Every structure is written in C-alpha cells, then in structure tokens.
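Could you fit the two chains together into a complex? Lean on the hints.
Just so you know, the sequences run in chain order D and S.
Note that UniProt numbering has the first sequence beginning at 1, numbered continuously upward.
Note that UniProt numbering has the second sequence beginning at 1, numbered continuously upward.
It should be emphasised that the hints constitute simulated quantities derived from the structure, not laboratory data.
Note that the structure is predicted; figures quoted are calculated from it, not measured.
A hint or two may mislead.
[Stated by the list, open to error] Distance ranges between label pairs, derived from CB positions:
#	chain 1	residue 1	chain 2	residue 2	range
1	S	M60	D	G153	40 to 46 Å
2	D	T26	S	L123	38 to 44 Å
3	D	K150	S	K35	21 to 27 Å
4	D	E105	S	E73	31 to 37 Å
5	S	C6	D	K150	20 to 26 Å
6	D	S73	S	Y76	21 to 27 Å
7	S	L123	D	E120	45 to 51 Å
8	S	R229	D	K41	50 to 56 Å
9	D	E133	S	K35	30 to 36 Å
10	D	D61	S	M60	24 to 30 Å
11	D	T26	S	C6	33 to 39 Å
Ideal Cβ placement from N, Cα and C applies to all residues, glycine included.
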Amino acid sequence: MASRALWASRAASYLRISVFHRGFSTVLKDLKYSDSHEWVKVDGNSATIGITDHAQDHLGDVVYVELPEVGASVTQGDSFGAVESVKATSDVNSPVSGKVVEVNEELNNSPILVNSSPYEKGWIIKVEVKDTEELNNLMDPEGYTKFCDKEDGNH
Amino acid sequence: MRVARCLEVWKMGTINYLESIKLQKKLVSDRKTNKISDTLLSLQHPLTYTLGKRRTDHNMLIPMSQLKKIGAELHYTQRGGDITFHGPHQAILYPIISLREIGLGARNYVEKLELTMIELASLYGVKACAGQKGETGVWVGERKIGAIGVQISNGITSHGLAFNIDPDLNYFKHIVPCGIADKGVTSLRKETVTGNSKQGQLNKILDGRNEREGGILGTRWVIHSQKVRLRS
Numbered sequence: 001m002a003s004r005a006l007w008a009s010r011a012a013s014y015l016r017i018s019v020f021h022r023g024f025s026t027v028l029k030d031l032k033y034s035d036s037h038e039w040v041k042v043d044g045n046s047a048t049i050g051i052t053d054h055a056q057d058h059l060g061d062v063v064y065v066e067l068p069e070v071g072a073s074v075t076q077g078d079s080f081g082a083v084e085s086v087k088a089t090s091d092v093n094s095p096v097s098g099k100v101v102e103v104n105e106e107l108n109n110s111p112i113l114v115n116s117s118p119y120e121k122g123w124i125i126k127v128e129v130k131d132t133e134e135l136n137n138l139m140d141p142e143g144y145t146k147f148c149d150k151e152d153g154n155h
Numbered sequence: 001m002r003v004a005r006c007l008e009v010w011k012m013g014t015i016n017y018l019e020s021i022k023l024q025k026k027l028v029s030d031r032k033t034n035k036i037s038d039t040l041l042s043l044q045h046p047l048t049y050t051l052g053k054r055r056t057d058h059n060m061l062i063p064m065s066q067l068k069k070i071g072a073e074l075h076y077t078q079r080g081g082d083i084t085f086h087g088p089h090q091a092i093l094y095p096i097i098s099l100r101e102i103g104l105g106a107r108n109y110v111e112k113l114e115l116t117m118i119e120l121a122s123l124y125g126v127k128a129c130a131g132q133k134g135e136t137g138v139w140v141g142e143r144k145i146g147a148i149g150v151q152i153s154n155g156i157t158s159h160g161l162a163f164n165i166d167p168d169l170n171y172f173k174h175i176v177p178c179g180i181a182d183k184g185v186t187s188l189r190k191e192t193v194t195g196n197s198k199q200g201q202l203n204k205i206l207d208g209r210n211e212r213e214g215g216i217l218g219t220r221w222v223i224h225s226q227k228v229r230l231r232s
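Pulled out of the complex, with its shape left as it was, chain S reads as follows (with noise of 0.2 Å):
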C-alpha cells in the first residue's frame, strides 16, 4: 500500500507570465534539493503570448507594434511546443512536480496532464480526446480546447497545461496556435450551453477528483491547498 503523496496547491489568481517563469525557476531548484514538496500552480495570466525553446516566431502573425497596441506580451520559453496565447478566463496549472519519485516519463506525464483536462470537459458534458500523434493536447472534434506545454530539467517539471474555459477566442486569430494552420481552437463555455467560466471551478474538480479512483496524474495525494499573491 503506497503512502499519499503531498502536494502543496497554490491558487494565485491573475499573475503576470515572467514572475510565474521567476516563481518556477525557484521552485524547481527547490523541489530538487527536498526543500520543498510537489508544487502545484493553478492561476491564469494577463493577455500573453509564449513560444517554446524552438522559437517558432513565424507562427506569430502580427508585429510588434501590434501586440503592444492590443496590450499583450510576447514570451521566449524554454518549454516544449509550438506558440500559444493565455489571457483571462483560461485555467492553467503548472505541476512541480518530480517525475522520478513517481516513476513516469514525459510521454505518460504529458498523457496523464491530457487525461486531466478531458476528464475536466466531461463534466462538463463536453466530450474531448486526446491528440492524434504529433498533435499532442486537448480537442473537440477538430477544435484545441487544451494546450501542452512542458519542461523537465533532472525530472522535475514546470510550466504545464492550459485550458480555455471562456477566453477570448480572438486572440488565437493573431497566431497559428501550436504551429497547426488547419484546425480551430475552442472553450468549455463554446462547446456547453452553460459554460463557467471561474477558475474556482478547475480548482473544486481538482480536490474532488483526488478522492476517485486513480488521483491525480495516477497517484493519490494528500493537499494542501492555499491562496498565494507574490509581494512585488
């Protein structure tokens, strides 16, 4: 019988994409050294665009000078993937998580973070699946309602998964979202007559998924689950 695991949930509300990269990049040298237990971000980000570490900026469709017009930020990553947008009313989590201590690799990882957002539709009643290879997310039918996007440095994990409750979807017409020209990308409150569009409801699905069979990312976990504004 294997012991819970614990894991430390910080729900942070709206925070700007370079003090959450900061916020990782010391939680990740934390989470190495012991320091502190498997971490899990839950918050959204300001109107943002980010690339991956293969810099694929000619999936980014408009200037500069545009981006600034429309009050976005534009940001290099070291994570995996093609681009993509976050703005308000998206739900993303970013795990902390080390990899080795619960024996997955990236493909599993990566399988289980889709798992958990296609579970988060159906309650929804909204019926989505996994990507075909190569296209690896969160769809309905031909439309992205999920993205992935991840780094692991000695098996530890940042940066995560971000999936769109109510964003405005008009943000993804400025780019060519995760580098695939012919498909669309939608959220819960599209595909559902009722779609909610607080980041509360991910957070509730989170605590009350961890009590049903298969957990979290395939563990059980004890949480700790607190609200957390960084001091600027």
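Next up, chain D with everything else stripped away, as it sits in the complex (with noise of 0.2 Å):
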C-alpha cells in the first residue's frame, strides 16, 4: 500500500497534478497551511480559511461549527471558533491576523460540508488579511504533507 502511495504520488509531480495524494489525506495546491490543519486560500489581502482534509479524517463527523460573528478581528495561531464532532470540540486557529469580512453560514444548516468538501463548501470564514507577510509562517503543501506524516507516525 505505501509503495503503491510513493509511486502515484511521484506520478503526480511528473505530471504536474496539482493534488497530493498521501494515504487517504488530500493536500491542495496553492494553499498554505497551518501546524494546527487549517488551510488559507489568499487572493490579494483577502483571505479564505477552512480546516483540511486531514483535520476532518481525524475529527469524524462534523456536528456544529462555532462561527465568529463578522467583524471580530482574529490573530495568526489563535483560536477563532470550534467544531464538534464525536462529543468532542476542537478549537479552530486562524493561519492569519485580520479582520472577519463573512462567515460561512451554510455551516449551520450543513456542518457536515466541513467532512465532505473541506476546501470548497465547507471554507469556515473570511478575513481581510492585515500583514501578508504572516504568510512566510505557513507550510506550503509539501511541507504539510510531511508535517502530516510525521504527526501521524507518532501513533
């Protein structure tokens, strides 16, 4: 099964997919991505945050997501909201500083969208970034997906 992993996942690069494949995990292209499993999308100083693959394969089925209410302002690192899954909340970082310009509010209806489509329908807030520089204190997606691999081997 691991050799079968190594083999697609260097397929991949070869021919430029954008998707990383690592166990049953998808990384994305393009994003950053924080120690804690959040994943920023930024487009200028607009910022779209959610939490990745890996965090929602780990956290089982989302029940309810604690949104921040529009306007709060929200540190890289720091917590700005919670899911639950399993009888258990878990803290959601923001990977950057800024102000919350919209909250997905679909999340109250579907908090399941954060499980099923973690980097479209189920993005968690937007935020006006204040320092784009905080960027540099991501992981791209490589280094994520080895941050990913090494956590998990702590098991």
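What follows is the structure, encoded as structure tokens:
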C-alpha cells in the first residue's frame, strides 16, 4: 500500500497534477497550511480559511461549527471558533491575522460540509488580511504533507 | 522501540465541578507550554448537571428552583456532547494529554475512551459496546453506562469520560440524557450481581491495564500516581 502511494505521488508530480495524495487525505496546491491543520487561500489581502482533509478525517463527522462574528479580529495561531464531532469540541485556529469579513452561514445548517468538502463548500471564514508577510510562517503543500506524515507516525 | 510516556495520575476523591474546571484550565495551559507531562484526573463530583458547548438546555426537564431543592448544580461548559449528570459513585476520568504527541485525532481519542470503558465493564462480566454513529458513548444493549464529552484546545484534551459504577440513576430522570430520548441509562451495579461502588476499582484497573498489551489509549505509560486534595 505504501509503495503504491509513493508511486502515485511521484507520477502526480511528474505530470504536474495539483493534488497530492497521502494515504486517504488530500493536500491542495496553491494553499498554505498551519501546523494545527487549517488551510488558507489568499487573493490579494483577502483570505479564505478552513480545515484540511487530514483534519476532518481525524475529527469524525462534524455536527456543529461555532463561527465568529463578522467584524471580529483574528490573530495568527489563535482560536477563532470551534467544531464539534464525536462529542469532542476542537478549537479552530486562524492561519492569518486580520478582520473577519464573512462567515459560512451554510455550516449552521450543514456542518457536514466540513467533512464532505473541506476545501470548497466547507470553508469557514473569510478574512481581510492585515499583513501578508505572515504567510511566510505557514507551510507549503509539500511541507504540510511531510508534517502530517510525521504527526501520524507518532502513533 | 518507543520510549514510554510519562503519565501523572491524580486520585482526587470528590471535587466540586467548578473547582475541577479551574484546575483543568490551569493544567491545559501548563501542558501546552510543557511545564507538566500528560496528566489524568480520577475523581467524582457531587450532584451536578452539565451542558456542552451547544447549550442544549431544552434537555433539562426541571426548573432551577427544583435543582436547588435537590441540592444539584447546573453548569455550562465548552466540552462536546449534550446534557449529562454527575454524582457520587460515578467514576470520572479527565485526561489532560497532548493528542499530537501520541498522533491521535479527536475521533481515535474518543474511540479509545470508549474502549477503556468497554474493557472496564468486561472485567465485571458486563458486555458493553460503543454507540452507533452519532451516539458516542458506551452502551449495554439500549442502556447507556458510560458518557463522553471532550474539549480539545491546541491538541490538548480536557473533560473526558464518566462511567456509572453505582450512581443514583433516578437523577437521570430530570434530563434527556445526552439528548437521546428513547434510550435508558444503567450502571455497573445494575448490570452485575456483585457491582462494586468504589472509585478505587477504576484506579486499580487502570494500573493493571497499562501492563497489558495495548496500554491505555493505545500507548504505554510510565505512571506516577498520587492522591491529590485541592486546597480551598
């Protein structure tokens, strides 16, 4: 199984396919990643934030998402909300600092979107970024993939 | 070959719920900064009802005035899960551990908490199992014997599990336990002929379990155990 995954990721990088597959978790190109398993997509000084496929897989089915208020401040590395799954509430931390300009209200009705579509429909907040230099503190897709492998190897 | 991790077990007797919250907050903060190792609180609470982050207080069936009359407290918490009851002879474990360091996510951690209670029940000949999807906890048939409600902050756990050794199950009648209306609750005492109501049994079992394959929560620990009393 491991060698097949290695072959697949080698083939993917030769073909410049944008999706890395590590085991069953997906890591997307063009996103940046935090060490608490959140992703951020930056467009100018507008950032969209969610949790990664690895995170949603390790959480189990999300039944509730605690969203911040629009207008709230967020700080890189600090909690801005939480998700609940399997009777466990887990903090969600912001990968960037700034002001919340939009929250995904759809998650109030369908929290499961975090599991089924962690990088698209399951986005959590949008932030007006204060300082794009902060992105240098985050991991690129390859770095995040290695980080996940190391963390899972602890078990 | 993995080095065994250090686990401090605090055997605390009966402590007030708010005191335990204050203690856990401090321990979580200390664990985050590595001031302390992984810690496990073993305790009981006086008559207490608690709610989780979703504040499902529609599952509390009696008014505050009646709660006061029966001498019970009600607390809102940040843990996952619905409403539950804690009281004497219900064994509670609050692990304050770093999930990242043992490579566990929330789902695996909760599964292992369930397994811990299932194994404890089996030592008394009670066949318990984990709940179906969406019904986290430990069941004997249609009756719940163990509940789970956890908070994870920066990968550090707090709150944990509550296992009914021999609490007064009538107190569960004042709530819709865990928000599940059509199922009952039970205890080790109810399910066995020779149920034991001592907290000490749970502590002994944890000590023994660490020696056997699989350890506790899937990891081997070096356990330091001590009796701890909070200064008021």
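We went through each hint and held it up to the structure:
1. S:M60 to D:G153: 40 to 46 Å: Taking Cβ atoms as reference, S:M60 and D:G153 lie about 44 Å apart, which means the hint holds.
2. D:T26 to S:L123: 38 to 44 Å: Holds, since D:T26 and S:L123 (Cβ atoms, about 42 Å apart) stay within the stated range.
3. D:K150 to S:K35: 21 to 27 Å: 24 Å, holds
4. D:E105 to S:E73: 31 to 37 Å: 35 Å, holds
5. S:C6 to D:K150: 20 to 26 Å: Taking Cβ atoms as reference, S:C6 and D:K150 lie about 21 Å apart, which means the hint holds.
6. D:S73 to S:Y76: 21 to 27 Å: 25 Å, holds
7. S:L123 to D:E120: 45 to 51 Å: 47 Å, holds
8. S:R229 to D:K41: 50 to 56 Å: Since the Cβ atoms of S:R229 and D:K41 sit about 51 Å apart, the hinted range of 50 to 56 Å holds.
9. D:E133 to S:K35: 30 to 36 Å: Check passed, 31 Å falls within 30 to 36 Å.
10. D:D61 to S:M60: 24 to 30 Å: For S:M60 against D:D61, whose Cβ atoms are near 25 Å apart, the range 24 to 30 Å holds.
11. D:T26 to S:C6: 33 to 39 Å: About 36 Å separates the Cβ atoms of D:T26 and S:C6, which means 33 to 39 Å holds.
Taken one by one, the earlier hints all hold for this structure without exception.
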